[in-house]
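Asks: Chain by chain, the residues run as shown.
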Amino acid sequence: MLPSGFQYSQSSMQDYVDCPRRFQLRYVESQPWPAVQAEPFLEYERHIERGATFHRLVERHQLGIPADVLESGIQDNDLKAWWRGYLGFDDVHNMDGKRYPELTLSADLDGSRLTATFDLLVVLPGQRIVIFDWKTYRGRPSKRVFASRLQTRVYPLVLCAAGAGLFGGPVNPVQVSMVYWVASYPNEPIEFEYSEEKGATDRDYLQSIIKDIDRHQNNTIWLLTSDMSRCKYCEYRSLCGRGDAAGQFAELDNNHDNIIDSIVIPSLEDVEEVGF
Amino acid sequence: MPESWFLEGPAGAGKTTYAIQYCHDLVRNDVSPEAILVMVPQRALGRPYQLAFTGSDWPNGTQIDIVTLGGLARRGLEMFWPLIADKAGFAHPEWEPAFLTIETSQYFMARFVNSAVKTGIFDSINVPPFRIMGQLLDNMSKAAVNGFLLDEVADRLITAWGDRHSSRPSVYRAGVDIAQHFREYCLQNNLLDFSLQIELFMNHLLSEPVYRNFFASRYGHLIADNIEEYFPVADDFIRDVWQELDSALLIYDTDGGYRVFLGADPGGMHVLRNLCDHIEIITETRVISPEAAALVSEFDHLLALNSLPPLLEVNPGEIITIASHKFYPDMIEWVVARIVELIAQGIPPGEIVILAPYLGDSLRFVLMSRLEEAGIAAVSHRPSRAVRDEPAARAALTLLALAHPAWEYHPPAADVADALHQVIDDLDPVRAWLLAQIVYRPGRDELGSFDGIRAGAQERITYRAGEKYERLREWLIRYRSEADEVPPDHFFSRLFGELLSQPGYGFHADFEAGRVVAQLVESARKFRRTLYPDGVDQWDAVTHEYFTLVQDGVLAALHVPSWQQQEEDAVFLAPAYTFLMRNRWVDYQFWLDVGSNQWWERLEQPLTHPYVLARNYPLDQVWTDDLEFRYRRDALRRLLMGLVRRCRKHIFMSITSLGEQGYEQRGPLLHLLQQIVQRYGDVQEAAE
Ligand code: SF4
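Chains as they are written, first to last, in our numbering: chain X, 1 to 276; chain U, 1 to 688.
Check each hint, because a few of them may be wrong.
Which residues of chain X face chain U? A partial, calculated answer using Cβ under 7 Å [claimed, not checked]:
| no. | residue |
| --- | --- |
| 1 | W33 |
| 2 | T104 |
| 3 | D244 |
| 4 | Q248 |
Don't read these hints as lab results, they were simulated from the structure. Built from N, CA and C at the ideal position, the CB exists for glycine as well.
Can you build the whole structure from these sequences, using the hints too?
Replies: As structure tokens, this is what we get:
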């Protein structure tokens, strides 16, 4: 049913949890639907672009390009503020350990493949691994909101299952923590410690989602979400008969950030051979 | 120095399977997957690796990178840009670069070509501007993948031209001058077309210490598959990083080299075997029958050695059926009837391909329609089709023109009727035509309202359709007041989402229209973001510019991701080379029109030359008819052997005495087949 080679990610699973029909259209049918997601469109696009540029800047920095070289190319004031915030985020800069920016790990979960691309992993072999995730939201969601996101469950789980090679041996969940750093609130990182119990609960939960997905047939229309507010920022709204106008970007709250998360970081899969 | 292997063998020998197993072994021996770099000449050929590395038997861990040289270059440039931009001579090294696609390269190239065309310099070659752009970009790419300077392109072309017709050298020179202006413009504006990406990667990034450290600490193991399809710079790249590798596996397909016309250098890549510690040559293929192997041998002897092979015990004719027809339509009927029979026998449609040297739109259309009528799933490869040729895109473009009367472009009434028919659910073509006749007056500012139509006509059109038409008309009028704030991609997105895909409109739940309009939006977005990355105060002129480029045929950006198509269980209809580059095996092949000369002709491209613009072509050599003949024979040999090696069961070949254009057919492939028939006698013939 899913295309061959398909791998689950936090973003696709979040889509399923938010709306099974959206998951079906996006991943089972790979159906493009070119409606506007949020208005004013150019402002929304600029925000997404700024987020992507920020991620690239940090990746470059973590790869060893000096900060002053990078800063000289920043023209946008908001971006510059985020960048300065990042430079002042001592927790990340002072930490010992090997750094892996934009690293993808994948693990088998009951015969399905689950993948996670980490903004930054800092690894102290045998001792500790910290997952850093940069968020370029305008507001700062509460810890509770972050806790409810599938990303908070998928990332540590994949890391524990697939990080042994980086860690120099099996990863014990208590050695893992995850830090969300929101660019406009640079001094208020949100940290989650991981544990064996959480790992077991998360594994059960993610397995149940995959089982649920597997139960579906593709020749039927999967369940449409009952939370109509999700449809405001969903490109399929006309197909589902859920309205004709895109939601307002200014009203886009962090409960709907999956639409941004799914676009912010261009996947390396998108790097096309440019032939002639 | 790495521990290295060179593995050579024909298609179907199991080389890629071996390479995948090799990756498994590396990982089992504690090599971290991210330290393995798999290189392929084009993305589709990376698919077997991708599937293997996402299978449930693949160990948990980091991911193996599967890249093309172009992909590796682009990734490296994106990430390490600040380190090389200044040294590479960009006017604004502090700005981010824009990576151009073929399409967006053409937008910029159009400015230079169009003004040169006006001077008359290209009059003697009689080629439309968008083809000139394509060929000049092709020359730039050829220079990059061979490591030439642009001047060398002109020198090579002029030398090879010899003392034939005298205006051509100045045309070549003018072409290279344009390319140089284009390059200068790119350096001024941080634009990276394919050729510049390759040059920057090879000449700057690879020697940049930070990148070099990154590369060396990241990758220890190289697997390079199908190296016979690589450009000469890939050879340079492999030699450059060789000493830093822990291991390397180079894989060479003996009879490949299908991308020679794009710049591939199978001969040069073969020399890489001299670097390797272990050389393994497989001669057997696991996939094909002895009869197919005999046919491969016949083609090989007849074309490479120009000699008759000894008569074999197995009859190569047993895997082919040749049918003769007088006219093209008879051939099509015959092909469809055979396919219907095969499917009735339980053969999956995905095990059948229909191949032609070139696949024109009309042939494609007729075959696709006939297969559809027969209830057979079929997909056809369309390498590039103009946006405006897609009905859904054409309708959207017509509505764009109607929304901008100030442009004074008046779409033909037939286009307006067609757009109305497509986008309004209840309008059949007759009613749509009637409505268009009444409400559309070329030159008038806006469409007439439904309320203003006589009652009788309203009834014929129906009030339901009229109501929807009114909503569309009002949408277009409302949009006009905002046109300056709306870029072209946003126009299409809004029109689609707010109206055309709403319940009651033609694109609602029309997945194909969704796909086509999505590509139109993507094309317009790339245009806007590449040419106007900082935005403009008023978008109307930009939208007009985009529209004009579409009308001029500069855009050809509609592609279906290649493997998405390939994996459908459907009969695949494609040009022969396209099929070869997918590296697929099927049970049954149909070769159309084997009498056609097109089986060995190359595209007429007066501004470029695939063989002369190659590193291994002597700089001082004139291109002669004799050389043309030899290269064609070699290309035909590779093509035929490659096709037969990818067929497990049977090849149906059809001959038409009068080809698609109604001329008699006596091409070289036909001649070869006649020789084989004469030697073995009992080839199955299915004369009609
Ligand atoms: S529009 Fe609403 S119901 Fe439809 S896919 Fe999107 S979120 Fe789901």
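Asks: All hints, please: hold or fail.
Replies: Verification of the supplied hints:
Restraint check, W33(X) versus chain U: the minimum CB separation of about 5 Å is within 7 Å; hint holds. For T104(X), the suggested interface contact is upheld, since its CB lies about 5 Å from the closest CB of chain U, less than 7 Å. For D244(X), the interface hint holds, since its Cβ comes within 7 Å of a Cβ in chain U; the closest pair sits about 5 Å apart. Taking 7 Å as the C-beta cut-off, the interface hint given for Q248(X) is violated, the closest approach to chain U being about 14 Å.
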